[in-house]
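Colleague: Protein sequences, first through last, are from chains E and R. In terms of the working numbering, the first sequence is numbered consecutively and its last residue is 748. In terms of the working numbering, the second sequence is numbered consecutively and its last residue is 748.
Think of the hints as simulated: they come from the structure by calculation, not from any bench. One or more of the hints may lead you astray.
One copy or two, it doesn't matter: identical chains are merged, so the pair holds either way.
Taking lysine-lysine and the BS3-like style, the derived pairs with C-alpha atoms no more than 25 Å apart in a straight line are [said to hold, decoys possible]:
hint	residue 1	residue 2
1	K235	K46
2	K52	K475
3	K482	K404
4	K328	K160
5	K559	K336
6	K57	K425
7	K383	K529
8	K235	K160
9	K404	K671
10	K18	K745
11	K68	K160
12	K221	K599
13	K152	K268
14	K685	K193
15	K559	K663
16	K425	K165
17	K235	K250
Predicted model, so just to flag it, every value in this text is computed and none were measured.
There are 2 protein chains.
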Amino acid sequence: MGVRPIAELVTILGHVQKYAPKAETCCLFQYSLPVSPHLAVQKDNKTPPSEKEILQKIVLELQKKNQKLDHHDEQWALIETAGGVLSPSPNGGLQADMYRPLRLPTILVGDSKLGGISTTISAYESLKIRGYDVNLLLLFQESVYQNANYLKEYFSYQQKKSAWKDSVPKVISILPPPEVSDPNLYCEKTDFKQMTEYYDDVSRSPEIRSAYEYLKFCHEKRIKSLEVMADNADKRIWYPFSQHSKISPKSIIALDSAYGDFFQSVTKDSSAKEILQPQFDSSASWWTQGLGHGNPELALTAGYAAGRYGHVIFAGTVHDPALRLANKLVSLLDNKRLSRVFYSDNGSTGIEVALKMAFKATGSRYGLKSELHNNEIGVIGLKRSYHGDTIGSMNACEESVYNKQVNWYNGKGYWFEFPQIKLCKGTWCLEIPDGLLDDGLNLPKFKCFQSLNEIFELDSRDIQPYKQYIFSVLKKEIQEKKRNFGAVLLEPLLLGAGGMNAVDPLFQKALVDVVRETPSLFGEFENSKLNSKAWQGLPVIFDEVFTGLYRLGFKSAAKLLQTEPDIVVNAKLLTGGVVPLCTTTSSDSIFESFLSPEKVDGLLHGHSYTAHPVGCSIALQSLNELEHLSQDNSSSSWKISMKKWGSSDNQIWSFWDKFSVEKISQFHQVKCVFAMGSVLAITLKDISSGYASNAAEEFNEFVSGLQLDKEFGLHIRGLGNVIYFMSSMNPDLESLRKIENIIIKYFE
Amino acid sequence: MGVRPIAELVTILGHVQKYAPKAETCCLFQYSLPVSPHLAVQKDNKTPPSEKEILQKIVLELQKKNQKLDHHDEQWALIETAGGVLSPSPNGGLQADMYRPLRLPTILVGDSKLGGISTTISAYESLKIRGYDVNLLLLFQESVYQNANYLKEYFSYQQKKSAWKDSVPKVISILPPPEVSDPNLYCEKTDFKQMTEYYDDVSRSPEIRSAYEYLKFCHEKRIKSLEVMADNADKRIWYPFSQHSKISPKSIIALDSAYGDFFQSVTKDSSAKEILQPQFDSSASWWTQGLGHGNPELALTAGYAAGRYGHVIFAGTVHDPALRLANKLVSLLDNKRLSRVFYSDNGSTGIEVALKMAFKATGSRYGLKSELHNNEIGVIGLKRSYHGDTIGSMNACEESVYNKQVNWYNGKGYWFEFPQIKLCKGTWCLEIPDGLLDDGLNLPKFKCFQSLNEIFELDSRDIQPYKQYIFSVLKKEIQEKKRNFGAVLLEPLLLGAGGMNAVDPLFQKALVDVVRETPSLFGEFENSKLNSKAWQGLPVIFDEVFTGLYRLGFKSAAKLLQTEPDIVVNAKLLTGGVVPLCTTTSSDSIFESFLSPEKVDGLLHGHSYTAHPVGCSIALQSLNELEHLSQDNSSSSWKISMKKWGSSDNQIWSFWDKFSVEKISQFHQVKCVFAMGSVLAITLKDISSGYASNAAEEFNEFVSGLQLDKEFGLHIRGLGNVIYFMSSMNPDLESLRKIENIIIKYFE
């Protein structure tokens, strides 16, 4: 396999070239002054190379070296970086961040002087929180401070306890070089001989030999581990949402690491040789990824929260990250109804919490006593909704081929068919479902619009037909079929798991409006007593687990619906794609239904890790960063993309190129397309639609056949006949353009 | 409030005493040689002070200084540590770890020389992942390397983006001191004058003034934030498992941070002044805490995983932490049936997964077609069981005053009353429930034992009466009442949330044995075809969310039951108390029920953050450490405690002192006691038992009245009339002894 044991972070190349001429060396970047690279490049009046250029040059050089090698050759490439591990790179970032996509095995050169124990361990920790494996720590023997002794003991203890033994360095100390008569002059006569002899000796020393052997051992262990990982996973792991008869070691993708929008994963190159190759994480890791994999700020934040708290019980206590995240969410959601934040662990639990909240509120207002166990109380929702896999959340969805497999599933509710937004053959249109065509509502089967934005100009569109239809259906369900409802539960705008179905926002607004405007449908209550923030008709829950917090380019999809829900559930992107966390944010009017002198009337739902500080901290840091990105007026990927979509504030835009998206919608294999924020969804024509379809798999095969000029591959997780691509919220637009070209190439 | 802005990590005290005599200084620890403290103490042939002694000396000195102050005085105390932030302490640990319990505001002194950018940022990161807030970074102005310029820009950018602005330092650079003629001699005549003038000037410089002002600002902000936190939380947070009418700002405890078994929280001292005081986390933060709050190794592990991966999708991919954790768990659970690990986010979701697994297996073997929606399929369990708060897990528990409040709750199953282990008046005994007394089984109401261990010697006890009883009940339920069962679901040994009820292990074994030995009760199947690892009768699920992974002193409670479950659910302690993660580990025989050519037959359950690398990594690291502790033959808290309980291998023991536990059981207010592993549960006599009781609250009031000589308080989360104390798995035994004394004092 192509992973080579390449050591970074060694020092003083020029010196090596002079005194150890046998070593084959080359200098990729050089400046005149021996100062930090960011200063050196300035002083030389040069334009600094970009981080991408530096990495590409390194990879190119390594490939050249690799090609020259005979199959049986054993050679080593050491990449020396400049100065300390966090010394600035030529363009001012930190070097350890810059080199991170390569994640090469690392040799840390330690400091044997006074204070060197501290700086060496700190450097190691800085590398660790960036995901590096530090195989080796080299330093000089020195008898006064004896740093090597301490560090040997320290790291050998750490290694013994660590689950990642190869990421904790083996410490090797070597004799220091001879004193030179004047370090600035290198007095040629005597010093040259002394120094070359020193390098000759050292390179043959048992310490250096054992260093090489250990590096080789780590390298081979790493390769071996990557090679067998899929096999072992196939035997040991029970995969989520999978039919295991379709899984084999061949289909399992072993991930070494990840950075930005990319996995670093084991793939096969054109000669069927296994290599580590970047693959674009097209599912944004099940829609969670926000600020890039391996984000160093979020990693430091995770460490900070774990180091400051770990987890602390959250019943009757409060800690800064949980409180501030709650405040941040309420201000961000910008909905005057919302005031209270309840924490849980994932979207599914958060939906169950929301339902418990809503049903209790409905129960106390309308006298549906919860003690009655009226299991027939249901939700009002949309068909093809998905709210999670725990039984309560499943029960809030209509029966499907999937959930009816589950013995305890028992769907309770009414689910509307809905008008869907589609980009077909370059035109944005609404497709009205058959139910709405029959009712004398004068709706056409397809209604075309000039732009996607036009669909979102709700004020200029006629909401009445929708309201009329919805009211008549609800009336029938309640009055004729004697159904009880306890909540409206909607995924605003985009029904993700159901197949990336984009709903007409006007229809969802109409549904909420009808429920709020005709409360008498649901029970008897003097509505005039309610204040403006109180829930009316039924509590309205927005499941923004997928659509919320900027995923679609907006803080909250609710704004685009011009509707304020009573309860909002957020998860996934909430933590920027690092750890699970969910919030169910509710109004005081719902909260008050639980107040009573009786303990048992409280919302008796809780998870052990409720509001865990690591999750809350990462979420707060991530939301700050997302907010910053959304407001950044410099040439960010946001502003560039908005401009390309011709979008002013509060208008629809996407990181995906408008013209590419339109072009893709023109191909005959394509049924329709939708793009918004970081999401691009392509629905393929296929006889068996939905989950059962294999259309996405065919695309996948095409892509893996492509080899993509080896720069990167695509990791696709299709939804039946829907292929979708979702980037982080700070993507490299150049990569997205390349992906659009691959997609276009496939259809051509 | 008593938090003082004290700055750590400044340098060179001796120098300051000489040249800036106006500063009031004192040296708490001093050694002859200017080398790392761990070496200096050796060279001086001294016994190093313990970390506790060092901290106590600092606190004492600060208290003295504080007492001398007039109310209006404004003074500063700076604590200078030795060398770099990770320089060794006298006894060999890292200084930043040693000082961590105090978590004082920190001034980092940066390095203005070549390479200083890297060492300074790394030192900052090492402090951050230990939970420190670095308020200020001081360094000398220097014109060649210009580190101050870079660091100012770097940290001001970090601060702008950070959600914790005060934990990212403001950078202040000051003029360097004058060159001295010989730094080793300090030539008195000229140098003394120069140097004292320098300090005079510097101390009056605008930079140093602004540094003080900024420190003061950060301090006041911190105090303010702690003071208002409870008020704000009362308005913004919806607490888990709580009746909010009983919550007020006064009852909410604001946590500044946590370390080991302690919260650092806002409490009132004897003069009703708010101070930061350690409080023992008696609930082990809802039973999650394993290796101490703010554990630096787990924090570094969290950072490593976040930096290496973030989250990566886990459908059809594999990464090292998930695979290795799965392998580790299977080997640790040491149950030949178990082979497959399914990941989810918390105990409740993991139980739902287990139930879906079991019901499908039962359905395919006995022909209970899941398509039938036979919602009456139920579980066999014990009364007062608790499995989580999502609807599916709730449905697996019998109706109670709590779950019947939830509209969609619909309990499905049969739950046995059970014989309970109790330490009453110094004697370990079993209390047999009435149901088992009536059946001609010859069981006494109370059965006494010589020791707790005797109860666990299952082979020497008579299992027949239990089996006879269980069989007759099941037969009646199935044959007369026509009930269908799909799984056995048990919390082995200790029913936690139900009130820390300890179950006779023989009864649970008997239940499993009856189900496996009489499969014909549940359906028709040719059992002779089954291999030895296959499930028999019904799949047996152990909910080890609370009891598993060493909480009770053993890797798995299953071993003590001498019974191998088909499915085990682990969570809580799994990640050592940092982030949520759950595993449902199952046998191949269950797994195979889901294999089919049809996608829809798979286990279609999945959470976005399935097997998130941060959780898996922390879990793996934590399990390694727990295993290490359990096998450590040195004088660890484990071995000491086992010895005190007179326990050899595989015998019952606890961190809680055997004699104290027995003594507590003697008090007339105490109904019974149970202790095992890190758990001590005291059931109080109370007319209204269960959750409705306020007995624990009375104890709480007593404790908060005690003031506990100010060393630490107790944070109690009672379970009605049960008060329990749960330590981490590496507790400071001295603290536990103090707690036992408080308990005894309360009852006396």
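Colleague: Now look at each hint and say whether the structure bears it out.
Modeller: Going through the hints against the structure:
1. K235 - K46: For K235 and K46, the Cα distance exceeds 25 Å both inside one copy (55 Å) and across copies (56 Å).
2. K52 - K475: neither (61 Å within a copy, 71 Å between copies)
3. K482 - K404: Result: close both inside a copy and across copies, 24 Å intra and 23 Å inter.
4. K328 - K160: between (42 Å within a copy, 16 Å between copies)
5. K559 - K336: within (12 Å within a copy, 55 Å between copies)
6. K57 - K425: neither (42 Å within a copy, 77 Å between copies)
7. K383 - K529: neither (34 Å within a copy, 44 Å between copies)
8. K235 - K160: neither (28 Å within a copy, 47 Å between copies)
9. K404 - K671: neither (28 Å within a copy, 48 Å between copies)
10. K18 - K745: Intra 52 Å, inter 77 Å, cutoff 25 Å: neither.
11. K68 - K160: neither (39 Å within a copy, 48 Å between copies)
12. K221 - K599: neither (56 Å within a copy, 36 Å between copies)
13. K152 - K268: Neither. Shortest intra-copy (39 Å) and inter-copy (46 Å) distances fail the 25 Å Cα cut-off.
14. K685 - K193: neither (76 Å within a copy, 88 Å between copies)
15. K559 - K663: neither (29 Å within a copy, 63 Å between copies)
16. K425 - K165: neither (55 Å within a copy, 50 Å between copies)
17. K235 - K250: Answer is within; shortest intra-copy Cα gap is 13 Å, inter-copy 53 Å.
Consistency note: the structure conflicts with the earlier hints numbered 1, 2, 6, 7, 8, 9, 10, 11, 12, 13, 14, 15, 16.
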